[in-house]
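Asker: Using the sequences plus the hints, can you model the full thing?
The chain contents come next:
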Amino acid sequence: MSELSKDQFKIIGYKEENINKIERPTISYWQDAWRRLKKNPIAMMSIVVLGLLVVLIIVGPYIQNYDYITMNVAKKNQGPTGANWFGTDNLGRDLFARTWVGARASILIAILATGIKLLFGVAYGAAMAHFGGWVDELLMRIIEVINSIPSLLLTILIMMVLGNSFPALLVALSITSWCNTARQVRGMIKQLRESEYIYAAEVLGAGPLRIIFKHYIPNMIGILILDASTAIPSFIFTEAGLSFLGIGLKSPDISLGVLISLGQQSMDFYPYQLLFPCLILCVIVMAFNLLGDGLRDALDPKLRR
Amino acid sequence: MESEKRQIDTSVLRVEDLRVSYHTYAGEVQAVRGVSFHVDKGEALAIVGESGCGKSVTAKSVMGLIKPPQGEVKKGSAIYFQEENILNYNKQQWQQYKGGKCSIIFQDALAALNPTMRIGKQIMENLQIHKRMSKKQAAAEAVEMLRRVGIPEPEKRARQYPFELSGGMRQRVMIAIAFACDPPLLICDEPTTALDVTIQGQILDIIKDLQKEKNTSVVMITHDLGVVANIAQRIAVMYCGMIVETGLAEDIFYRPKHPYTWALIRSVPRLDLENKQELATIPGTPPDLLSPPKGCPFSTRCTFCMPVCLERMPEQTPFEEGHTAACWLHHPIAPETPVPVLKGGAAHEGM
Amino acid sequence: MKECNPILSVKHLKKYYQISRSATLKAVDDVSFDIYPGETLGMVGESGCGKTTCGRTCVGLYGKTDGDVLYNGADVHTLQGSERFRFKREVQMVFQDPYGSLDPRMTVADIIGEGIDIHHLAKNKKERQEKIYHYLEQVGLNQEHASRFIHEFSGGQRQRISIARALVVEPKFIVLDEPISALDVSIQAQIVNLLVDLQKRMGLTYLFVAHDLSMVKHISDRVAVLYLGTLVELTSSAKLYDNPMHPYTQALLSAIPIPDPNVERERESQKIKLQCEVPSPINTKPGCRFQGRCQYAMPVCREKMPGLVDTGDSHFVACHLCSGEKKV
Numbered sequence: 013m014s015e016l017s018k019d020q021f022k023i024i025g026y027k028e029e030n031i032n033k034i035e036r037p038t039i040s041y042w043q044d045a046w047r048r049l050k051k052n053p054i055a056m057m058s059i060v061v062l063g064l065l066v067v068l069i070i071v072g073p074y075i076q077n078y079d080y081i082t083m084n085v086a087k088k089n090q091g092p093t094g095a096n097w098f099g100t101d102n103l104g105r106d107l108f109a110r111t112w113v114g115a116r117a118s119i120l121i122a123i124l125a126t127g128i129k130l131l132f133g134v135a136y137g138a139a140m141a142h143f144g145g146w147v148d149e150l151l152m153r154i155i156e157v158i159n160s161i162p163s164l165l166l167t168i169l170i171m172m173v174l175g176n177s178f179p180a181l182l183v184a185l186s187i188t189s190w191c192n193t194a195r196q197v198r199g200m201i202k203q204l205r206e207s208e209y210i211y212a213a214e215v216l217g218a219g220p221l222r223i224i225f226k227h228y229i230p231n232m233i234g235i236l237i238l239d240a241s242t243a244i245p246s247f248i249f250t251e252a253g254l255s256f257l258g259i260g261l262k263s264p265d266i267s268l269g270v271l272i273s274l275g276q277q278s279m280d281f282y283p284y285q286l287l288f289p290c291l292i293l294c295v296i297v298m299a300f301n302l303l304g305d306g307l308r309d310a311l312d313p314k315l316r317r
Numbered sequence: 036m037e038s039e040k041r042q043i044d045t046s047v048l049r050v051e052d053l054r055v056s057y058h059t060y061a062g063e064v065q066a067v068r069g070v071s072f073h074v075d076k077g078e079a080l081a082i083v084g085e086s087g088c089g090k091s092v093t094a095k096s097v098m099g100l101i102k103p104p105q106g107e108v109k110k111g112s113a114i115y116f117q118e119e120n121i122l123n124y125n126k127q128q129w130q131q132y133k134g135g136k137c138s139i140i141f142q143d144a145l146a147a148l149n150p151t152m153r154i155g156k157q158i159m160e161n162l163q164i165h166k167r168m169s170k171k172q173a174a175a176e177a178v179e180m181l182r183r184v185g186i187p188e189p190e191k192r193a194r195q196y197p198f199e200l201s202g203g204m205r206q207r208v209m210i211a212i213a214f215a216c217d218p219p220l221l222i223c224d225e226p227t228t229a230l231d232v233t234i235q236g237q238i239l240d241i242i243k244d245l246q247k248e249k250n251t252s253v254v255m256i257t258h259d260l261g262v263v264a265n266i267a268q269r270i271a272v273m274y275c276g277m278i279v280e281t282g283l284a285e286d287i288f289y290r291p292k293h294p295y296t297w298a299l300i301r302s303v304p305r306l307d308l309e310n311k312q313e314l315a316t317i318p319g320t321p322p323d324l325l326s327p328p329k330g331c332p333f334s335t336r337c338t339f340c341m342p343v344c345l346e347r348m349p350e351q352t353p354f355e356e357g358h359t360a361a362c363w364l365h366h367p368i369a370p371e372t373p374v375p376v377l378k379g380g381a382a383h384e385g386m
Numbered sequence: 028m029k030e031c032n033p034i035l036s037v038k039h040l041k042k043y044y045q046i047s048r049s050a051t052l053k054a055v056d057d058v059s060f061d062i063y064p065g066e067t068l069g070m071v072g073e074s075g076c077g078k079t080t081c082g083r084t085c086v087g088l089y090g091k092t093d094g095d096v097l098y099n100g101a102d103v104h105t106l107q108g109s110e111r112f113r114f115k116r117e118v119q120m121v122f123q124d125p126y127g128s129l130d131p132r133m134t135v136a137d138i139i140g141e142g143i144d145i146h147h148l149a150k151n152k153k154e155r156q157e158k159i160y161h162y163l164e165q166v167g168l169n170q171e172h173a174s175r176f177i178h179e180f181s182g183g184q185r186q187r188i189s190i191a192r193a194l195v196v197e198p199k200f201i202v203l204d205e206p207i208s209a210l211d212v213s214i215q216a217q218i219v220n221l222l223v224d225l226q227k228r229m230g231l232t233y234l235f236v237a238h239d240l241s242m243v244k245h246i247s248d249r250v251a252v253l254y255l256g257t258l259v260e261l262t263s264s265a266k267l268y269d270n271p272m273h274p275y276t277q278a279l280l281s282a283i284p285i286p287d288p289n290v291e292r293e294r295e296s297q298k299i300k301l302q303c304e305v306p307s308p309i310n311t312k313p314g315c316r317f318q319g320r321c322q323y324a325m326p327v328c329r330e331k332m333p334g335l336v337d338t339g340d341s342h343f344v345a346c347h348l349c350s351g352e353k354k355v
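Sequence order for the protein chains is R, A and X.
Each residue of the first sequence is one higher than the one before, counting from 13 in the working numbering.
Each residue of the second sequence is one higher than the one before, counting from 36 in the working numbering.
Each residue of the third sequence is one higher than the one before, counting from 28 in the working numbering.
Calculated from the structure, these hints are not laboratory results.
Each residue gets a CB set at the ideal place from its N, CA and C atoms; glycine is no exception.
Here chain X is said to cover these stretches of chain A; the calculated rule only asks that three of the stretch's residues, wherever they fall, bring their Cβ under 8 Å from a Cβ of chain X:
#1 293-300
#2 314-328
Facing chain A, according to a computed beta carbon distance under 7 Å, are these residues of chain R, among others:
#3 Lys-18
#4 Gln-20
#5 Phe-21
#6 Ile-23
#7 Gly-25
With a straight-line Cα cutoff of 27 Å, these simulated DSSO-like cross-link-like pairs (lysine-lysine) come out:
#8 A/Lys-191 / X/Lys-300
#9 X/Lys-298 / A/Lys-243
#10 A/Lys-249 / A/Lys-171
#11 X/Lys-300 / A/Lys-247
#12 X/Lys-312 / A/Lys-191
#13 A/Lys-156 / A/Lys-171
#14 R/Lys-226 / X/Lys-158
#15 X/Lys-150 / R/Lys-226
#16 A/Lys-166 / A/Lys-156
#17 X/Lys-312 / X/Lys-91
#18 X/Lys-41 / R/Lys-202
#19 X/Lys-53 / X/Lys-312
Answerer: The following block contains the structure:
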């Protein structure tokens, strides 16, 4: 302990500039969420894997210059070789190219279906929250009716009526999925509406459009992203299941489900024909799920700091 | 030496150099940084401070509610309850201690009570565990406790659930549960902050009555100086994780020695004072506990800050009757400063 | 002061909520008062007294069930078009919760700038920026705070931002709905000093709603005491403290602890201790709302609701006991 000198005891008071200074750099909600996400190794891994998958989906079929239709009967049912990395199927078609084209179709369907689900769900939920009263009650009852029908049954019926095409599958997948989104959006808007900052905007004279676009939507994007991140893998899985059962897409259309279905038929003799599509399906779904978990943690405001 | 010995003989609770940190996403938050105080038998000590000063964390430490790994009570801290260091308790000793020897009343009664259990049963649970009463005895005693805390129709109320009662009633139930086992020590963590002022008076009266009746020591955590004036014999003022001043209630209110205490007392408007007079304020906000200042925690906002305050932590300067303040202004070398003497009934402009 | 017209005039305001077919919650039940330009009217009461509902109804956030709220003579709830727009500018509000009353996704500049954008108060970006900086400094913050997000600020600083948001549209009348209840004691003092200072400089009129009578008395010229949706006493702050007439006001004043141990000890014996709990505002009984807890309750109190009567020198009380000859 060094000696204390007299001039250390001169009164200097506090510094005015230090009073309201904020030490840390400014950080927005999204920057903060991204920072949290970066700290999650599993989520970052999933992003890398998904990135890789997207690249492969786009360029995969072109890497070896095989297209997914050409049959080469001489080369049928060959295991993975240097020429065909995933081997060939019973008609001599290159499985590597087919797998990626199939994945492309699966993911495309999933994304489109998610888009429909979100758009319709948001509009429906917003209508319920906005009008309230008997409109809300009526729309809610409709959702409950839809929910009480087993979704698989409904999907099968629709496919049977509309046929095994891409658009039909899209309709079948999204016909019941929007209910959850609508309910979430309704709850979110009802909650936001009571927030004091919405009241403050009303007192300032903000019209409904301004409130919707400047206040509601930015505050809802978080849950919509989460909704999408769980919906996409779910749709991929469902489509695979439907196509596997023969209710979804059918050959010559390709998707992962179709490939799995075909692979299953020659499972005993040529297991690799089943293995590769399954593997890719699992990797995609797992990557999305893990990313979804990471996003949930990153976007949850309660976990801030 | 003699008074210290006396302290050790009569104190129910003695906290020495308590240090508690929370490990968060952003780093280590030093919530409590070296807090020492004692509570004698039958007396009420108020720990006053603003939000973030560490008073709730101190209360939780005494109650054993700091959960690792996020919360950490640092080595070198000691909490002596009736001469035993509770930080060294094993599981069985903790069970006996919590609720039996030391009880706590929280601010939010609704969150602290079990929503699925009837009121009477919650009191009985405590009695059965700590006083080993039979079910029948405990039931009768529970009803008696409810009557004692002023709940009308106690037999009927004992069969109700917490959500059926109003805020004030729930707080009384918490008091009943806390006092049921005649604990020598009661901790109250802002028990009246969420209540209306007319109910607040009733609750404070109940606590005071039961305190006198059972000779319980009370540690009252609050930010409301009015509540402190009503109930406390001794006061400890906390700021930024440390106790800056301790003393008898009269000493703290009328002869405070620390600039923070001066400012705090003069920033509270009193009913019996002039209208629209400018209130004394403390400019700025308390420092971040993630990186607290090296020297005195109040240095960044103190009108009397000196260079030594920024560099070194002040020591506790003792005054009469156990009154201590941690401030460099009381060092022999420090310049003479006009210390405001706040007489009872009116505040003088001294600063 | 009474010669000029009131800036806000509330006449027999009623706001009821129909909870179910048989239960009506009378949040505000026949409340009348006037606020004059330049003054601060404090509105005080405990939970369930309807002060927040009253404040929000006056601003037009809530609809009314009956009665009138007149701003400069015009009925607030039937304003249309440009008059309504002007009302939205001249009457502003500061809310209680510093953590909920600011949009977490917006920067401080956007929050304060919203008023400028809505009312087209700036011709270009530069002017908008300057206005934002000006009002930030008026409330004691710095320019560099404008680009930050609200989660980086403390409670007291957020309330300053709320105040800046209200000020930027240059209002004449501000309703302050418990603006300091969620803040620490020393920060409360900062905000109150700021509000008093702004009022002097900008000629504002305040309706200050709070439950802390000490702070309300300190900042207000006149105080209105509410109990369970009814106005029980309305007078100047000094008179309210020196001569409270309504039994509830007396009980309230005596219950408030004064931060002074000797004074508290002396008052202990004189304190009016109200027994029982605050009754529910749903399906209230006829007569005075305070009958169940009042030590002076008379038979007439259980039958007829007392009207607000001037007992002399603008000291209004709603009490059968007080409006009679007998003074409490």
